[in-house]
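Peer 1: Next come the chains, spelled out residue by residue.
Number of protein chains: 2
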Amino acid sequence: MGTQKSRIFKWMSWFVVIAAFFLIGFIIGWFARPPHTDHDAVSRSYLQEFLEEMQAENIRQYLRKFTRLPHLAGTEQNLRLAQQIRDEWLQFGLDSVEIVPYDVLLSYPNKTNPNYISIIDDRGNEVFNTSLSEPVPVGYENISNIVPPYNAFSAKGQPEGDLVYVNYGRTEDFFKLEREMGINCTGKIVIARYGKIFRGNKVKNAVLSGAKGIILFSDPADYCAPGVKVYPDGWNLPGGGAQRGNVLNLNGAGDPLTPGYPAKEYTYRYSIDEGVGLPKIPVHPIGYNDAVNLLKNMGGEIPPNNWKGDLNVSYRIGPGFKAEFNTQKVRMNIHTNNQVTRIYNVIGKIRGAVEPDRYIILGGHRDAWVFGGIDPVSGAAVVHESVRSAGKLMARGWRPRRTIIFASWDAEEFGLLGSTEWAEENAKLLQERGVAYINADSAIEGTYTLRIDCTPSLHTLVYDVTKQISSPEEEHEGISLYESWHKKDNWTGDRDAPRISKLGSGSDFEAYFIRLGIASGRARYTKNRKTEKYSSYPVYHSVYETFELVERFYDPTFRKLLAVARVRGGLIFKLADSQLLPLDCNEYALSLSKYAHSIFQLAQKHQADLFKYQVSFDSLFSAVDNFTAAAKDFHERLKHLDMTNSVEVRMANDQMMYLERAFVDPLGLPGRPFYRHIIFAPSSHNKYAGESFPGIYDAMFDIENAKDPISAWEEVKRQISIAAFTVHAAAMTLTPPA
Amino acid sequence: MGTQKSRIFKWMSWFVVIAAFFLIGFIIGWFARPPHTDHDAVSRSYLQEFLEEMQAENIRQYLRKFTRLPHLAGTEQNLRLAQQIRDEWLQFGLDSVEIVPYDVLLSYPNKTNPNYISIIDDRGNEVFNTSLSEPVPVGYENISNIVPPYNAFSAKGQPEGDLVYVNYGRTEDFFKLEREMGINCTGKIVIARYGKIFRGNKVKNAVLSGAKGIILFSDPADYCAPGVKVYPDGWNLPGGGAQRGNVLNLNGAGDPLTPGYPAKEYTYRYSIDEGVGLPKIPVHPIGYNDAVNLLKNMGGEIPPNNWKGDLNVSYRIGPGFKAEFNTQKVRMNIHTNNQVTRIYNVIGKIRGAVEPDRYIILGGHRDAWVFGGIDPVSGAAVVHESVRSAGKLMARGWRPRRTIIFASWDAEEFGLLGSTEWAEENAKLLQERGVAYINADSAIEGTYTLRIDCTPSLHTLVYDVTKQISSPEEEHEGISLYESWHKKDNWTGDRDAPRISKLGSGSDFEAYFIRLGIASGRARYTKNRKTEKYSSYPVYHSVYETFELVERFYDPTFRKLLAVARVRGGLIFKLADSQLLPLDCNEYALSLSKYAHSIFQLAQKHQADLFKYQVSFDSLFSAVDNFTAAAKDFHERLKHLDMTNSVEVRMANDQMMYLERAFVDPLGLPGRPFYRHIIFAPSSHNKYAGESFPGIYDAMFDIENAKDPISAWEEVKRQISIAAFTVHAAAMTLTPPA
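Protein chains in written order, with our numbering: chain A, 1 to 738; chain B, 1 to 738.
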């Protein structure tokens with residue numbers, strides 16, 4: 001018995017031991033299965049490597065290399081540059097790089113018959129002619145193919161007439177002119193100074209006023225910073241410099257002859273006279289040396305002070321010249337040709353490891369009016385360095401969760417054509433798969449601080465990324481970019497954080513953001529908006545945008561461009577590699593609330609009308625409240641998401657990805673079928689200015705000018721209803737899917 | 001040493017044993033983790049249960065229950081029916097059921113001032129009046145709220161004039177009348193027979209012709225089958241019966257006052273005179289007893305034979321009455337009111353177990369003109385039984401992979417309003433998450449065989465499902481529905497399989513398929529299209545659509561309705577529960593190729609013009625080839641998909657789900673912004689007829705009538721280009737995503 005007991009005991013002991021080991025084995029086996037590695041920790045460390053790999057010196061070299069020759073869209077030189085970029089991106093290690101051509105309408109001066117403006121006497125003799133080109137900067141004297149200043153897509157023609165000075169050529173300027181000053185522009189040639197609004201809007205206003213031509217000039221008040229010398233001794237615009245630029249009113253249509261569709265070999269092309277947005281009158285840009293000669297003898301009234309620039313003339317509005325010169329007229333001589341021309345985008349890809357069907361795009365243009373020292377090569381050089389750094393990371397074994405697409409767009413200067421045609425060709429894919437678009441145009445327009453324009457859902461990511469990047473500012477050695485930015489540009493009033501702006505238009509994100517509803521943003525170094533009042537940067541679109549301009553004046557150490565490279569790159573990296581998309585719906589809610597309050601405030605100047613026509617914003621406020629609650633609940637639920645369930649993660653990410661899409665109305669804004677974002681679009685009166693609730697904004701703008709106030713207010717009500725619906729619909733996309 | 005050795009040996013032995021058990025434990029642990037069960041086998045067995053659970057007797061009872069009272073949209077009775085359906089769906093076990101209201105424009109006769117048509121003598125006395133209502137069938141004498149025959153949305157008015165007989169009122173009929181017969185309809189009242197095309201198109205043509213009123217009548221040639229008695233002794237239309245129906249030309253807009261947006265409390269409403277698709281002239285429907293009286297004394301020419309119906313009159317075209325009666329005129333007396341009225345959809349859901357954010361919709365309308373014995377209750381009863389069966393399955397532990405949505409739409413008869421408003425409110429969700437929409441209008445319109453209209457990607461699934469269902473036909477006992485269908489309606493010429501048709505419009509799938517691009521289909525029992533030439537079914541939209549009509553004549557055993565229930569249910573089940581979506585892109589390729597060839601053939605009648613205006617279909621054929629290759633490759637890759645990788649499976653499913661979406665052009669078809677499907681849409685000349693490549697089709701139709709052939713052919717070229725682009729874009733969605 002004893003022996004038996006002890007044997008039983010012994011076997012039981014062994015059984016326990018064996019069972020214990022079995023259990024240990026089982027447990028280890030259970031957990032030894034390929035675990036969900038801490039993806040985000042690995043990703044964070046790769047992000048550090050990615051940012052640190054980028055070097056200021058490389059950006060300097062790329063800027064140098066890409067600005068030696070002019071590379072206007074549609075020219076041989078710009079195709080060569082595309083090929084060079086393709087080859088280098090492939091060397092850097094992208095999975096694929098291809099050149100994607102389109103045949104779009106471009107516009108060039110006639111090489112044998114130059115554009116200029118004359119003052120003619122009563123016998124038709126030219127007593128003054130504007131210059132045919134800008135004085136070429138030192139070192140570039142032997143460069144050919146520098147296109148003289150012109151306004152692309154100007155109508156041809158040689159109109160003669162009296163000048164009328166129209167200030168900036170804004171809607172309000174023409175209102176003042178016609179209603180308060182009693183000037184009729186019909187049959188006149190108007191002269192407007194550059195600045196404040198997109199030049200295409202000036203031209204549109206001139207056409208509406210009945211003018212038969214429009215001259216655009218750069219006034220020192222708008223293109224020279226006080227106390228700064230003109231290039232090459234400083235970064236101000238010389239008197240012989242002039243701003244090139246297209247004067248289309250495309251409203252997002254892309255190629256004027258193929259609106260809505262990619263300009264491929266099989267695509268139907270409208271005839272030129274049916275083309276979208278082409279001005280019907282000649283337009284020509286001049287510098288301030290020439291402008292003085294046109295303005296100095298003008299007659300008519302002296303305008304209010306805010307119509308006066310910094311030239312030594314009285315800025316009389318005309319029409320025509322003062323008594324001694326009243327037999328003189330102005331004649332424009334414009335021979336610019338529109339022609340269908342092949343352009344080339346370069347598209348490079350890194351295939352996503354887990355979700356190859358989710359796209360993060362870093363895109364910026366390559367074409368330049370001349371050398372493109374700032375616009376666009378300061379941006380393109382930065383993209384180039386990001387691609388190189390990403391390639392290095394891939395060589396070390398990294399591959400992002402999602403697909404990254406790098407794009408070098410062509411013909412941005414001719415109406416965002418390359419980026420828009422590609423968006424049109426790939427619209428279905430982008431609509432279903434596009435997570436985010438980061439724009440990479442000019443990386444610097446001033447030396448003061450960072451400037452970010454982006455969709456609200458990217459706010460938090462921008463803050464997160466800029467906290468991981470050190471400030472490039474010498475006086476801020478050792479602190480983060482976020483901190484130096486915060487010190488210099490606080491979001492006063494609204495919140496204690498660095499200020500982030502709305503996206504307007506005027507660069508290649510337009511089709512992605514405003515037409516397709518893909519979360520978008522842009523980053524660059526900028527001037528001090530409180531003290532530096534000139535438009536853009538002084539030498540914008542002139543021959544003086546050279547490598548030396550950047551190296552001597554804007555960023556001698558190239559650390560600011562590096563910081564911008566890291567911001568753009570960091571955004572792309574996090575968007576592509578985070579398991580959960582770093583998009584913040586609560587920030588969208590906050591912004592919507594702010595915008596609803598501002599449009600409501602704007603309406604208060606018509607208080608009597610609001611009452612009379614029963615215009616209420618209640619539905620909009622109620623929709624915003626609804627959205628706010630849905631966003632909050634969504635982010636609460638995210639906290640409890642089972643991150644090991646890859647379908648659940650994908651579903652949550654899809655909800656975040658498609659949030660921006662929910663703000664797109666397929667019917668578009670009134671009369672603008674390709675501007676479809678109900679929350680953000682340019683105002684109809686200035687393409688550069690992003691307005692919130694643009695449909696309501698434009699409808700209210702029209703109140704001032706309405707012949708029939710009832711139907712004008714009905715349109716405001718209709719737009720409020722559309723905005724309320726859209727915000728409700730967006731809220732629905734954030735609720736649990738069933 | 002020996003002892004030590006043996007001890008070592010002993011420990012080693014124990015170590016081996018322990019290690020072995022550890023290993024066994026490890027291996028068991030490894031494999032004990034929840035395995036990927038054979039989901040599809042389980043699903044197949046549930047499908048069998050789901051189909052077998054459905055019973056003919058239940059469908060009979062639901063049809064009986066839902067047809068006792070009239071339930072016109074916007075009435076108390078139709079709200080009660082909605083509540084009843086909601087309550088029963090909840091009892092059946094759906095996860096949620098809600099009633100979703102909208103306030104839309106409906107149209108009712110004036111209760112105190114009835115609509116009718118008179119013949120008046122030269123002193124204005126009424127010498128003949130049409131009847132004010134249909135004789136009510138036996139058993140329904142005490143039912144109130146039977147709306148008399150009327151055409152919803154008719155303009156009000158009492159036009160007087162001479163009659164012109166316009167045959168079916170088709171575009172070609174008016175062409176013949178105006179061009180060959182030299183008849184001008186301006187200021188006349190036209191009288192058209194029902195049939196061939198949607199009545200709204202007849203009204204539109206009448207308006208274009210200048211007519212000031214239009215009378216629609218049911219001719220026995222079109223609404224009586226030979227040798228069949230009239231109801232209640234048979235299923236033919238009695239002489240006192242008339243066809244109700246709306247006469248809108250909405251082109252998919254939904255509620256005429258809120259096009260593009262859901263008719264909610266916050267939604268902006270246009271005024272009635274700005275409403276979409278409302279006819280500007282009075283319209284009224286009559287039966288053939290009344291028609292004889294209007295037609296018998298008409299003067300003018302005798303028309304060609306194909307303009308003659310089966311009434312004992314000569315079908316003279318007028319204008320006006322023959323000599324003896326030429327002082328008589330016709331006067332229409334129409335007092336129908338348009339009014340914004342609340343309607344109610346019932347929306348029931350089963351939340352998907354794995355992918356709740358993927359939606360499969362089974363939707364059909366509930367509102368009826370009177371009792372709705374066929375239209376729509378034969379369909380609604382079938383949906384009801386599907387819901388009950390799905391509930392039973394859920395009680396046994398089943399839950400579909402994806403979300404199933406059951407919908408009982410309101411106000412279909414007034415222009416598909418309930419389904420369209422819901423599609424508008426949920427457009428963003430549906431666009432991103434809608435997998436398929438199966439329509440459930442009338443389940444029977446004849447007793448001959450199955451009729452399927454669906455998108456090409458559903459062809460294979462339809463065949464698969466019908467093979468699993470037994471034929472309800474007595475002569476085909478024991479064979480599958482697929483086989484009996486195949487015997488009766490082979491897809492002659494094209495292929496040896498049962499014929500499947502294109503979707504047209506005229507029922508609630510329209511917004512889902514043609515506006516949103518969600519794969520759609522419908523199933524019903526139908527007549528023999530080769531021998532039964534009458535339009536629709538004879539008593540369509542009359543008071544004679546009763547329960548008894550179905551029980552006595554159409555489906556006494558209710559086995560045909562059961563078969564339709566199983567087809568619709570089987571489609572929904574497989575779409576919701578298959579791991580890989582059962583969509584076939586190769587079938588789409590085949591269909592596209594067929595359609596390209598037919599539109600090319602259609603163009604051949606203008607051969608000289610094709611040459612003269614350089615119209616080529618090459619780009620379309622090339623796009624179809626491209627699509628065909630992409631579809632083939634896609635299905636090849638599917639074979640090698642790692643089905644254990646749930647993200648890969650989801651990506652492949654997304655490609656299939658979004659294929660239909662790729663055919664949608666956000667710009668819409670010319671002049672029809674809510675018809676956006678480039679492959680399938682109704683012709684502009686007949687809403688009922690689904691045309692392939694409708695943009696090209698309509699442009700070619702216009703050639704015949706073009707004042708300016710150059711621009712008419714330019715439009716054809718533009719449409720070919722859009723079709724080619726769309727097919728290319730769709731092909732891209734099937735290629736590997738990066």
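These are calculated hints, taken from the structure and not from any lab test.
Predicted model only: the values in this text are computed from it and were never measured.
Please note: incorrect hints may appear among the correct ones.
Note that the list lumps identical chains together, so a pair holds whenever it fits in one copy or between two copies.
[Said to hold, decoys possible] Derived pair list, reagent style EDC-like, types lysine to aspartate or glutamate, alpha-carbon separation capped at 16 Å:
#1 K717 with E265
#2 K264 with D618
#3 K5 with D453
#4 K467 with E52
#5 K308 with E126
#6 K392 with E715
#7 K527 with E477
Peer 1: Are the hints correct? Go through all of them and say.
Peer 2: Now the hints, each set against the structure:
no. : hint           : result
1   : K717 with E265 : between (44 Å within a copy, 13 Å between copies)
2   : K264 with D618 : between (47 Å within a copy, 14 Å between copies)
3   : K5 with D453   : neither (82 Å within a copy, 79 Å between copies)
4   : K467 with E52  : within (14 Å within a copy, 63 Å between copies)
5   : K308 with E126 : neither (27 Å within a copy, 80 Å between copies)
6   : K392 with E715 : neither (55 Å within a copy, 52 Å between copies)
7   : K527 with E477 : neither (19 Å within a copy, 84 Å between copies)
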